[in-house]
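Chains as they are written, first to last, in numbering that gives the first Met the number 0: chain A, 0 to 387; chain B, 0 to 220.
No lab work stands behind these hints, which were simulated from the structure alone.
Accuracy of the hints is not assured; some may be wrong.
[What the hints assert, rightly or not] Where chain A lies over chain B, by a calculated footprint (3+ residues, C-beta under 8 Å):
| # | segment |
| --- | --- |
| 1 | 49-55 |
| 2 | 71-79 |
| 3 | 95-102 |
| 4 | 106-116 |
Glycine residues also receive a C-beta, built at the ideal position from the N, C-alpha and C atoms.
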Amino acid sequence: MRFIAMCFRNFKRRRLRTILCLSGCTLAVTFLVGVGASILRATTIIWDMNMLFENEIVVVSRDVLVIQGFPIGGTIPQTIVDELGGIEGVKEVIPMIFVIELRDGKISRIFPANITIGLPLEKIPSTFSFTGIGVEGNLPRERKEVLVGGSIADQYGLSAGDVISLKGENLTISGILRGPSMILSRSIIMSLKTCQEIYKYSGQISMVVVEPEAAADVKKVACEIESKINFVMALTENERNELTKPVLDELNFWNNGLRLLLLSISAMLIAVVEVMNVSESRRDIATLVAIGAPKVAILKMVIAEVALIGLSGGFLGLIFGGLAAVSLASSYTHIPIQMFIQSFFQLVTPQLTIEVLVLTLTTCCLSAVIPAMFALRINVNETLRAEY
Amino acid sequence: MIVETRNLTKIYHVGSSAITAINDVNLKIEKGTIISIVGPSGAGKTTLLNLIGLIDKPTFGKVFLGGIDTSLLGENERRKIRLTRIGFIFQTFNLLPHLTAIENVELPMALAGFTQRKQKERALQLLSLVGLDKRANHFPKQLSVGEMQRVAIARALANNPSLILADEPTGELDSKTGMEIIRLLHDLCREENITMIVATHDEKTAKISDVVYQMLDGKLK
Numbered sequence: 000m001r002f003i004a005m006c007f008r009n010f011k012r013r014r015l016r017t018i019l020c021l022s023g024c025t026l027a028v029t030f031l032v033g034v035g036a037s038i039l040r041a042t043t044i045i046w047d048m049n050m051l052f053e054n055e056i057v058v059v060s061r062d063v064l065v066i067q068g069f070p071i072g073g074t075i076p077q078t079i080v081d082e083l084g085g086i087e088g089v090k091e092v093i094p095m096i097f098v099i100e101l102r103d104g105k106i107s108r109i110f111p112a113n114i115t116i117g118l119p120l121e122k123i124p125s126t127f128s129f130t131g132i133g134v135e136g137n138l139p140r141e142r143k144e145v146l147v148g149g150s151i152a153d154q155y156g157l158s159a160g161d162v163i164s165l166k167g168e169n170l171t172i173s174g175i176l177r178g179p180s181m182i183l184s185r186s187i188i189m190s191l192k193t194c195q196e197i198y199k200y201s202g203q204i205s206m207v208v209v210e211p212e213a214a215a216d217v218k219k220v221a222c223e224i225e226s227k228i229n230f231v232m233a234l235t236e237n238e239r240n241e242l243t244k245p246v247l248d249e250l251n252f253w254n255n256g257l258r259l260l261l262l263s264i265s266a267m268l269i270a271v272v273e274v275m276n277v278s279e280s281r282r283d284i285a286t287l288v289a290i291g292a293p294k295v296a297i298l299k300m301v302i303a304e305v306a307l308i309g310l311s312g313g314f315l316g317l318i319f320g321g322l323a324a325v326s327l328a329s330s331y332t333h334i335p336i337q338m339f340i341q342s343f344f345q346l347v348t349p350q351l352t353i354e355v356l357v358l359t360l361t362t363c364c365l366s367a368v369i370p371a372m373f374a375l376r377i378n379v380n381e382t383l384r385a386e387y
Numbered sequence: 000m001i002v003e004t005r006n007l008t009k010i011y012h013v014g015s016s017a018i019t020a021i022n023d024v025n026l027k028i029e030k031g032t033i034i035s036i037v038g039p040s041g042a043g044k045t046t047l048l049n050l051i052g053l054i055d056k057p058t059f060g061k062v063f064l065g066g067i068d069t070s071l072l073g074e075n076e077r078r079k080i081r082l083t084r085i086g087f088i089f090q091t092f093n094l095l096p097h098l099t100a101i102e103n104v105e106l107p108m109a110l111a112g113f114t115q116r117k118q119k120e121r122a123l124q125l126l127s128l129v130g131l132d133k134r135a136n137h138f139p140k141q142l143s144v145g146e147m148q149r150v151a152i153a154r155a156l157a158n159n160p161s162l163i164l165a166d167e168p169t170g171e172l173d174s175k176t177g178m179e180i181i182r183l184l185h186d187l188c189r190e191e192n193i194t195m196i197v198a199t200h201d202e203k204t205a206k207i208s209d210v211v212y213q214m215l216d217g218k219l220k
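Generate coordinates for the entire structure from the input sequences, incorporating the hints supplied.
Right under this line is the structure:
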């Protein structure tokens, strides 16, 4: 039987109802994808933050909020570096400054959303030498040289050798950092001293990254640091993950709750519309049964209608949801929307796409149960006898 | 004997009262015979056709089709008999509104598992037989009532049934179109040696039948 053709003709006959139902589904999926993609982006960034400091200890001021490897607020005196070097089990210490700028125009005229990372020049090669990272040009070798993240470079058309002005200071771009990290793609990396000068962090740093000796017990070293140095937290990778876990769990909980709610509303909407459709098609269904159509054919008719609405809503929702996620990301980072459109599939990942389509299809199948049962319970005799 | 009913009785329960729609009907119909069942509305004609057509089940009694006791059959076997051996023609045509004339005729063949090519060939042949080959791609709402009933006749003949059950086939038609339809049905059944049972309250329709039964209050005379 030509179920799909029949479905489309049925939709055409009931176009207003179909459009309203489809709009409802599209809206639900748009919301679901928009929020889902934004949450996914946030969690990816959070996990990204650990990339630089795997298996290392991060030492920060005790009143600082730490999201994975990134401290927000608070500084510690740079003299702490010497104290840390003397602690047993410590192999290397790297002092760092993180300047996180979330709003447009506050710090730099040209970098609306960026992270400035300052660290000793000699430590840059070892810090940024992990897999997947590439540099177009060179790493900074002098005080006035900076490494710029790929996203910033693409946004402003920068390349190695260009000079940029940061808070009135002219800096030469030694290279462009390319890689999968969203954080690093929006970073400006420079020498610690330059960063301290530009941002007025004289004698202060945000944190120290401590690399323990290979044989040392990381946890023990962290405890030793906290006991010997006043007013600092020494966080191992596990501890940092534990600090972040509740935030991520909370995000996932609300994301899943929202999904459940939206899909339930969609399912009810589809079920109501399909029950109305079946109710109006009682005579057609009764005729089909009378001339010998099997129950499976009736079920297929109902399911095909519901699946078509759901899948169309799913596809449209994916497109609109993706655009919503792009707009959201652009609006809260002030990064131009084109930058996100170029990396559309990083926001709306294949995994999210499949997840949404599977969820939508499952919802449709569930919402088809009631109309299908209703269709199968139609009393053929009474329906054929009734006057219309 | 293609159709036989023994002590066929159908009782409907409405609230606390029981209504006997069919009361102890015994009928024997030979192959190729055209039967008319004449009676006023509510006499039980449609119920009798529904019982013979295996759409409904009797309260008592039995229906034999081609010698098979249908009371022993499961729902799926009854459905297959409806699909392959019985053609239904309804008073209000009951064409599916979202299918074209040819698609409506193809429908029983599609359900019976014919190939698409065969469905199309036979549907066109049947539409040509009822004089509607040029209206094959029209939707029911684009056809006149007479044309709709012709499409319904073509659909009833689609799977080469041995029995056609026509419930008030001229009920929605004017007398001229009604007579044309009845003659068409008569000729087709004669040509193909198909047994036909027509329920009608129209005496003219009954006149062209081989046997005419009167039905009143569920009883056949």
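Verification of the hints:
no. : hint    : result
1   : 49-55   : holds (count 4)
2   : 71-79   : holds (count 3)
3   : 95-102  : holds (count 5)
4   : 106-116 : holds (count 5)
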